Amino acid sequence: MYKKEVRGELILGNKSYGDITKDILRHQEAGAKTPLWWWIAFIISFILMSIGLGYFVPLTIAKGIGIWGNNNQTAWGWAIINFVWWIGIGHAGTAFSIFLLVLRQKWRTSINRAAEAMTIFAVLAAGLFPAIHVGRPWDEMFIFPYGPNSRGLWVNWNSPLLWDVIAISTYLTTSALFWYIGMIPDFATIRDRSKGLKKKIFHALSLGFVGHLKTWRRFEDAVIIIGGLAAPLVISVHSIVSTDFSVSVLPGWHETIFPPFFVVGAIFSGFAMVLTLMIIIRKVYKLHEYVTDDHLDAIARIIMFVSLIMGSAYLIEEFIAYYSASPFEKHVFLEMYLKGDYALPYWGMVIFNAFVPQLFWFKKIRRSLLALFIISIIINIGMWLERYNIVIPPTAQDFLPANWGEYSPTKVDIWIYLGTLGLFGVGVLLFMRFLPIMAMNELKQQAKRQTSLTVEKSVYDIFEKKLIK
Amino acid sequence: MKKYWRSLEEYDIVRQGNMPEPTEEFSTEGLTADEIKNKYKANRRDFLKLLGFSTAYAVAATSCQQPVRKAIPYLVRPENVTPGVANYYSTVMNDGYTFGSLLLKVRDGRPIKVEPNDLADYPGTNAIMQAGILDLYDTARLQYSSKKGNEISWDKAVSEIKAKLDELNAAGEKVYLIASTVNSPSFKKLLIGFVEKYPNVEIVYADPVDYSAIKEAYKNLTGKEIIPSFRFDKAKVIVGINADFLGTWLSPVEFSAQYAKGRDLTKGQKALSKHYQVESIMSLTGTNADERIIIKPAEELKIVAKLYNEIAKVTGKATVNAPKCDKDISKIVKDLLKHKGQSLVVSGTNDTGIQTLVAGINKMLDNYGKTVDTARTFNLYQGGDKKLGEAFEQIKNGKAGGVMVMNINPFYEYPVDDKTKAAFGKLKLSVAFADRNDETASQMTYVLANSHYLESWGDAQPYSDTFMLQQPVINKLWDTHQPEEFFMKVLGESGDYQSYVQKYWEETLYPNAAGYNGFTDFWVKSLQNGIFKATMTPAEPTPADKKNEDKTAELKAENVPGGFAYVVNNQDKLLKFNKPQGEELVIYQKVHMQTGKYANNPWLQELPDPVTKVVWDNYVSVSPKYAEEKGLKQEDVVKVSYNGYEVELPVVIQPGQDNSTIAIAMGYGRKGAGPIGDGIGKAVTGFIQIKDGKRFYSRIPAKIEKTGKTYTIASTQTHHTMEGRDIVRETTLENWKKDPTHGNEKHQYYLKKLKGITLYKHGYNPEDYPGHHWGMSIDLNKCTGCSACIVACQVENNIAIVGKDEVKKKRIMHWLRIDRYYSQEENELHSPVQENPEVVHQPVMCQHCDNAPCENVCPVAATPHTREGLNSMAYNRCIGTRYCMNNCPYKVRRFNWYNFVEGGDYNYLFNDEIKRMVLNPDVVVRQRGVVEKCTMCIQRIQEGKLRAKSEGRQLKDGEIKLACEQACPTGAITFGDMNNPESRVIKLFDDPRAYGLLEELHTLPSVVYLTKVRNKEHVDFDYSIDAHGGEHTEGHREEHHG
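Sequence lines, in order, name chains S and U.
Each number in the working numbering comes from the position in the first sequence (counting from 1) with 209 added on.
Each number in the working numbering comes from the position in the second sequence (counting from 1) with 17 added on.
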């Protein structure tokens, strides 16, 4: 519930509805010039995507997984690290949007759209990895339990990988739907304000939304219903991803803490990515009146709290390994992580994820755009390291020491990762260029809620619009 | 004009004259012929359309074309060939390098697998025999004979050589026939005939590795220049002195089988043989020793002399003069003396003094006729380097007219100087009988292409009383001939060599055979069995006898060899004590590469060395302490030089090696082995010293210096300790006697406390396995780590060879691997560098868990459990998520990272039309992107089951043998049906020593391991069950010693 006295003003500058529309759509209205930074960022992202996904992915499919660094001991490598990492990032949008929606936290309004968009592209980037990671991608349909079963074989419902496929595809569909439905009123706004082909496109996209009271009601019902349905998915998708590991027998993987640990980690990395993205959007589109310092402060507080959970999870893992007295567990947690071959990524992870975000206790840091930006990047590096620590060391040194080996990625691994970064970048940049980056309809509701906007002012807006026309 | 109609309706129309107009387009009505022509003339557009269409069609049609597969059925079925059913033929691998009595599996006319001949005294194979099958299909083999590098027909070559021989004979010019040891009696007869016809020919036998010191030693001691046969199974105390008798020395397969009999605790025996190994480098044999003493190579003679003197003192023989030796060998002396007639001392050093003393020790210990049989001589490696050296000297000095080199590669195996090599070029006749254009053959004028042993007839006499027959199992692949054919042709013998062998057997051996129904019966049975044991040694005419007699007569005049007196009198001449002189280089043989003859065999190249686990290379191995002192790290390249010869090789740090010894394996750096073997590693022939006229492989005072370079070494195992986990469980004999579960207490705890406890319903339910339930037992006490099983598995299951780079990336495909761990007594752990660790070998393959972690994580159910307890793989279903590989605690699953089959980059086996013939048609080759692993030779299980079914009987225990089990010379692996209460395997499962690897994970493995038991105490060796109870006090022992 929004309480002005608690949250303060969420939209600054005493904006009128018209101001909001203009501010949000400024960059994509007819006549808006595509800025130079956009082109530079887009070209870089596009090149990364083209090389990574356009060349190295087909190369992998043509030659085999052998061109990656994986081996018989560490059968999963960078691909799975990156998969889990992207899924984690892909968590934030929906988590952010839906949890705050369900909890009626109104400060979500200026952020949820971008966060949702980010989710879609992150999940797309994530979904790529399992698809190209299998040995025979041309037989991937075996994994789908589809009806006309001419092969006479059914899938193995015991396997977490199958749960994965179902969880991720459900999550992707639901998130995309939620994102799209939320944009319908804004599409209608764009439709009304544009001409020609653009009008036709947005006419189709807005599904005939005209702003009747009934339409609004159905729209709000749809959003809350899909949001309610999607909320458990946010929990389930990363829990299920975590079962890829926790269902196994490997020391370091076989842990009951994994499902909540993964969900928390996902929210953590997702929020950090939201922070990164919102700082950029706020900066380049000069939307500091919508993404206020208070907004960023709120995100930073959440991150700080989640970071405490992460830290205690790390502690619990170590304690349980010690308490279990299992030589295998102890080797992974007390030898390899703390002082062994993987001490560097482990301590990197601990410092980046558990200690650095504690700086947010200081208001100065919470209010410093630069500090927020740097820490958000550090957290995402830390979360990547966490996934590295989960995927690589337990397989590299497991039960029989004779098998122990090393893993190092090849340039193909690195390029495919860069390629997914490019894909994410291209997606986000296109979104920033062509779609409403903030939920205008919700912002307007918020604006109405927080200020004493008079009907007159609204009426004046309408008149003004007509006059312009 | 006639009107045509098709139906009644049309008829009506036609009748009424309302015939419909032809459509405009095709109407020709009212047009002149030219107009018609113009109307239907194809224009440019039409042409282009047609062209486009036909090109597109052609592209579409040809791109869909399937590759042509050649499969031509038999028009007339050959006798004994049933498609899909294998035939087995006994034969002998006897090429002067490796000897084995074998059974060849032939499928559809192709030999595809080597198995040991069960009728042999000690059946078994080693890695080389197993891999040898691929040499048959090796395209690097010579495919025709040549003269100066140009193809020449064999007949023409033979007649030209014959003319040259006649010429040289007439001129009285000497011709040397340098050959590897011929133990085939019929070939020997043929050669005698040859020498009689050409008296100018002198046959010089030379071996890839010289063993002539043993022969000289026995001459010194017994008067007979022989290598006796050894019986490790009869020895209760075994002392190996730099002798890798389980790996490379003389007849390692037989010795392994014998050795394992003394290490077997599963058949009621309550004692173990005691094995001391005294050595400078960590050999395979050393890894199996109960106690291992590290010496410097230069100390060996001192220690042997001390041993000799200590025993001589007790047995009342004269001692020899020896410098003081401070190594404590009192335990060995006590044990040896306590087990007179039941002990065996062997040395692998090619030094007459050492070998003489060792032979003397055995004699003083009454071992002759028991563990050392001088009456049953060993007929392999009868070459003598002295004569070879003389021959080279003569050739070098231009005193020879010709040379023929047969089945041996002295230019690679013997340090031949450049002058001698040049002198070969000036000879009037130089002939090589070789299977490939190797270092020697490439220097000869005539090269006669040898047939492979599987394409040849022959016989063999490995021991004086044992005869074996060799038969071809495939038609010659190329225009090759076995050397015997050459001699037959030169001598004008009629018929082929088969008939010659047959005649020889009829004339010489058949009279010694009893119980046969005529010669044909004898011949057929011998051919079937492959082995004939003569009750008496048939007399064979050897002109050499006379020469020997002459020489003996000469020697008689001054000093009669044969006896302790001779040894003591000549000790100054025999015993040449050396002082250790800094670093000493030892050249040793690797178990799987030996002398490098089979270097072009990728199976052998990719087989990890049983001790270092390094593949595809040789290297300089040094001790950890030495490396520390010199600041050397693994993979640092060092330059080793001696006497003008130098090589640059990477360093491998080998625990258990002497601190001043560096060792390099021979058999690498080949230049004529073939495209796979050439250029792998470095040759060390240049380091071999000629001492006393014999090749001497150790005590080389080589210099070693750092180069600052590094070189990547691919090793299948990079971590060498067990991290305190009980993976290999070990105990000592003393403890085992008190409590057979000693060292294996965890299994008892597991059985009593853990086995039934589970949160889940999954677990072992006997009802799940109504028929068979396959299981396997591996006796760690019998496994020597020789790695024959790895190659056998690879051959049987068409496992891909991946090459060094992929092995380095830990992508080796072997389904069966042998883990090797070093261990140390706890009180010795304070030393940072393990000086003399104990070693354990543990074969690990898929454990076929009844609660398999890999099975439930496969999303597509590609690896289900069968009703017979096997963890199976459906390759067609596998999409390659590799989750199963991660979740396998044993890490035995292998992924096809590339298309190793028909993939252009992997030209080891699968991409060669001819080499592909070695593939087992019962086992599918795996596509890129699927996971594979041990199937417990499911094809063999299926074959056995079907055979039993078609014969309407129950399957017998032991009827089905897995490839690894069958190849194992020591019988460490036992496979069987756990549901059969009488099976051997279920008895072994109940053995108190049995445990499952990582059984605490509740995987319910179908493979059990039996604890390794080391004989640490001076307990009496007793074969009888529970005779004395093994209680011996120190005083008691002293009394014995007394």
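Quick caveat, the hints were computed from the structure, so don't treat them as lab data.
Don't take each hint at face value.
Unchecked claim - Result set (DSS-like, lysine-lysine): computed pairs, CA atoms no more than 27 Å apart in a straight line:
#	chain 1	residue 1	chain 2	residue 2
1	U	Lys754	S	Lys539
2	U	Lys723	U	Lys122
3	U	Lys650	U	Lys763
4	U	Lys165	U	Lys341
5	U	Lys330	S	Lys539
6	S	Lys272	U	Lys821
7	U	Lys763	U	Lys647
8	U	Lys413	U	Lys403
9	U	Lys825	U	Lys436
10	U	Lys251	U	Lys287
11	S	Lys620	U	Lys699
12	S	Lys620	U	Lys769
13	U	Lys770	S	Lys539
14	U	Lys341	U	Lys251
15	U	Lys699	S	Lys272
16	S	Lys620	U	Lys726
17	S	Lys548	U	Lys825
18	S	Lys548	U	Lys642
19	S	Lys272	U	Lys164
20	S	Lys548	U	Lys165
21	U	Lys754	U	Lys723
22	U	Lys164	U	Lys341
23	U	Lys341	U	Lys590
24	U	Lys754	U	Lys355
25	U	Lys932	U	Lys754
26	U	Lys330	U	Lys341
Remember, it's a predicted structure, so these values are computed and weren't measured experimentally.
Tested hints:
1. U/Lys754 <-> S/Lys539: Distance of about 34 Å is beyond 27 Å: violated.
2. U/Lys723 <-> U/Lys122: Roughly 50 Å between the alpha carbons, so the hint for U/Lys723 and U/Lys122 is violated.
3. U/Lys650 <-> U/Lys763: violated, 38 Å
4. U/Lys165 <-> U/Lys341: violated, 58 Å
5. U/Lys330 <-> S/Lys539: violated, 57 Å
6. S/Lys272 <-> U/Lys821: With a Cα-Cα distance of about 19 Å, the restraint between S/Lys272 and U/Lys821 holds, given a limit of 27 Å.
7. U/Lys763 <-> U/Lys647: Violated - the C-alpha atoms of U/Lys647 and U/Lys763 are around 43 Å apart, more than 27 Å.
8. U/Lys413 <-> U/Lys403: Status holds; Cα separation ~15 Å.
9. U/Lys825 <-> U/Lys436: Given pair U/Lys825, U/Lys436 is violated - Cα atoms ~41 Å apart, limit 27 Å.
10. U/Lys251 <-> U/Lys287: holds, 15 Å
11. S/Lys620 <-> U/Lys699: The hint is violated at about 32 Å.
12. S/Lys620 <-> U/Lys769: violated, 52 Å
13. U/Lys770 <-> S/Lys539: holds, 23 Å
14. U/Lys341 <-> U/Lys251: violated, 32 Å
15. U/Lys699 <-> S/Lys272: With Cα atoms ~33 Å apart, U/Lys699 and S/Lys272 exceed 27 Å; violated.
16. S/Lys620 <-> U/Lys726: holds, 25 Å
17. S/Lys548 <-> U/Lys825: Answer holds: S/Lys548 to U/Lys825 is near 25 Å, not above 27 Å.
18. S/Lys548 <-> U/Lys642: holds, 25 Å
19. S/Lys272 <-> U/Lys164: violated, 44 Å
20. S/Lys548 <-> U/Lys165: Violated - the C-alpha atoms of U/Lys165 and S/Lys548 are around 65 Å apart, more than 27 Å.
21. U/Lys754 <-> U/Lys723: violated, 51 Å
22. U/Lys164 <-> U/Lys341: Since the Cα atoms of U/Lys164 and U/Lys341 sit roughly 59 Å apart, the hinted pair is violated (cutoff 27 Å).
23. U/Lys341 <-> U/Lys590: holds, 19 Å
24. U/Lys754 <-> U/Lys355: Holds, at roughly 20 Å.
25. U/Lys932 <-> U/Lys754: Violated, because 51 Å separates the two Cα atoms, which is more than 27 Å.
26. U/Lys330 <-> U/Lys341: Distance ~16 Å between U/Lys330 and U/Lys341 Cα, so the pair holds.
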